[in-house]
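Turn these sequences into a full structure, and let the hints guide you.
Quick note on this note's numbering: the sequence shown kicks off at 302 and runs consecutively.
Hint data in this document are derived by calculation from the structure and do not stem from the laboratory.
Check before you lean on any hint, since a few could be wrong.
As the list claims (entries may be wrong) - Within a straight-line C-alpha distance of at most 25 Å, the following computed SDA-like cross-link-like pairs (lysine to any residue) qualify:
id, residue 1, residue 2
1, LYS366, GLY397
2, LYS367, THR327
3, LYS503, THR448
4, LYS490, GLU456
5, LYS350, LEU512
6, LYS502, ILE477
7, LYS411, ILE336
8, LYS503, ILE475
9, LYS406, LYS502
10, LYS521, ASN468
11, LYS367, THR448
12, LYS367, ILE416
13, LYS502, GLU456
14, LYS490, ARG505
15, LYS502, PHE455
16, LYS521, TYR329
17, LYS350, PHE394
18, LYS521, ASP326
19, LYS411, ILE471
Computed from a predicted model, the values in this text were never measured in an experiment.
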Amino acid sequence: MKIISIYFISLLFIISGRTYLAAQDTVYIPLKVRIAAEVSGPIQYFFDKNILITEGNISVDIHEKKSLFAGAGYVDYNYSQEKYDYTVKGSFFKAGMDFNLMGPKKSQGKFFTGIGLHYGISSYRAEVPLFRTENQWGPVEASVPPTSGIAHFFEATPSVRAELFRNVSIGWNINIRVLLKNNTDSDLKMVYLPGFGDTSKKVRTGLGYFLTWNIPFRTKRVIILPPPPEEEEEMTTVPQ
Numbered sequence: 302m303k304i305i306s307i308y309f310i311s312l313l314f315i316i317s318g319r320t321y322l323a324a325q326d327t328v329y330i331p332l333k334v335r336i337a338a339e340v341s342g343p344i345q346y347f348f349d350k351n352i353l354i355t356e357g358n359i360s361v362d363i364h365e366k367k368s369l370f371a372g373a374g375y376v377d378y379n380y381s382q383e384k385y386d387y388t389v390k391g392s393f394f395k396a397g398m399d400f401n402l403m404g405p406k407k408s409q410g411k412f413f414t415g416i417g418l419h420y421g422i423s424s425y426r427a428e429v430p431l432f433r434t435e436n437q438w439g440p441v442e443a444s445v446p447p448t449s450g451i452a453h454f455f456e457a458t459p460s461v462r463a464e465l466f467r468n469v470s471i472g473w474n475i476n477i478r479v480l481l482k483n484n485t486d487s488d489l490k491m492v493y494l495p496g497f498g499d500t501s502k503k504v505r506t507g508l509g510y511f512l513t514w515n516i517p518f519r520t521k522r523v524i525i526l527p528p529p530p531e532e533e534e535e536m537t538t539v540p541q
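Quick look at the structure:
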């Protein structure tokens, strides 16, 4: 009788284990290369010719949760006040990782809700072609010659992306940037840095809007296990 009981219990464990494995979900996630262009910069230039920002990036899925990221862009910025004119031109480069916080069953390789962590380098050339001042002899006009420099910044980008058409996505991000270091030998105060933006504060935020072309290169099989079966609690009767 004892042997039959052990056999019966073992059989129950085997059956429940097979049922648990059969209940698991399998999702096939397309891993992609993504080529994206930021669209708000050219639109802004259409209304304001003093600032041109072009930016693009490429990302490659490592798996369903992580992607390698690299981005670059160009800036032509002009600023005029009553007493001086300021111009800066330059390019920037960013690299890092993007993390999709959505589960594979919801993202399906088509949707993204997550964050990117990127390190950025800005290379620029700035000058003040004209500034106006007054002294005891009257108005004076002068200029500050061009100066070059390199700045470093860190960027965090909470973002959302969704597939609009087959292999075409749209999305937006909030970029939070921290200026780490600005290497220049000039006393000229930088008003604007390519890739970073307005330098009146060490930390700045902004918005970006992206159109993305997706190129699938491999499909990954992701197994989603259900929660383990709950064990029945043993009821103990306490004699009164």
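*Can the restraint linking LYS367 and THR327 be considered satisfied, given a maximum Cα separation of 25 Å?*
holds, 19 Å
*For the pair supplied as a hint, LYS502 and PHE455, confirm whether the alpha-carbon distance does not exceed 25 Å.*
holds, 14 Å
*asked:* Given the hinted pair LYS490 and ARG505, is their Cα-Cα distance within 25 Å?
replied: holds, 17 Å
*asked:* Would the hint linking LYS502 and ILE477 be met if the CA-CA limit is 25 Å?
replied: With Cα atoms ~12 Å apart, LYS502 and ILE477 stay inside 25 Å; holds.
_With the threshold set at 25 Å, check whether the alpha-carbon distance from LYS490 to GLU456 stays at or below it._
holds, 22 Å
*Taken at face value, is the distance from the CA of ILE336 to the CA of LYS411 at most 25 Å?*
holds, 14 Å
*CA of LYS406 to CA of LYS502, is that 25 Å or under?*
Violated: LYS406 and LYS502 sit about 41 Å apart, past 25 Å.
_Hint consistency between LYS367 and ILE416 [alpha-carbon to alpha-carbon, up to 25 Å]_ = It holds: about 10 Å lies between the C-alpha atoms, which stays within 25 Å.
*Assess, step by step, whether the Cα of LYS521 is no farther than 25 Å from the Cα of ASP326, and give holds or violated.*
holds, 14 Å
*Decide if the proposed pair is consistent with the structure: LYS367 and THR448, CA atoms, cutoff 25 Å inclusive.*
violated, 39 Å
*Is it true that the CA of LYS521 sits at most 25 Å from the CA of ASN468?*
holds, 17 Å
_LYS411 paired with ILE471 [C-alpha distance capped at 25 Å]_ = The given pair, whose Cα atoms are some 11 Å apart, holds under the 25 Å limit.
Going down the numbered hints, you'll see the structure goes against 9 and 11, while the others check out.
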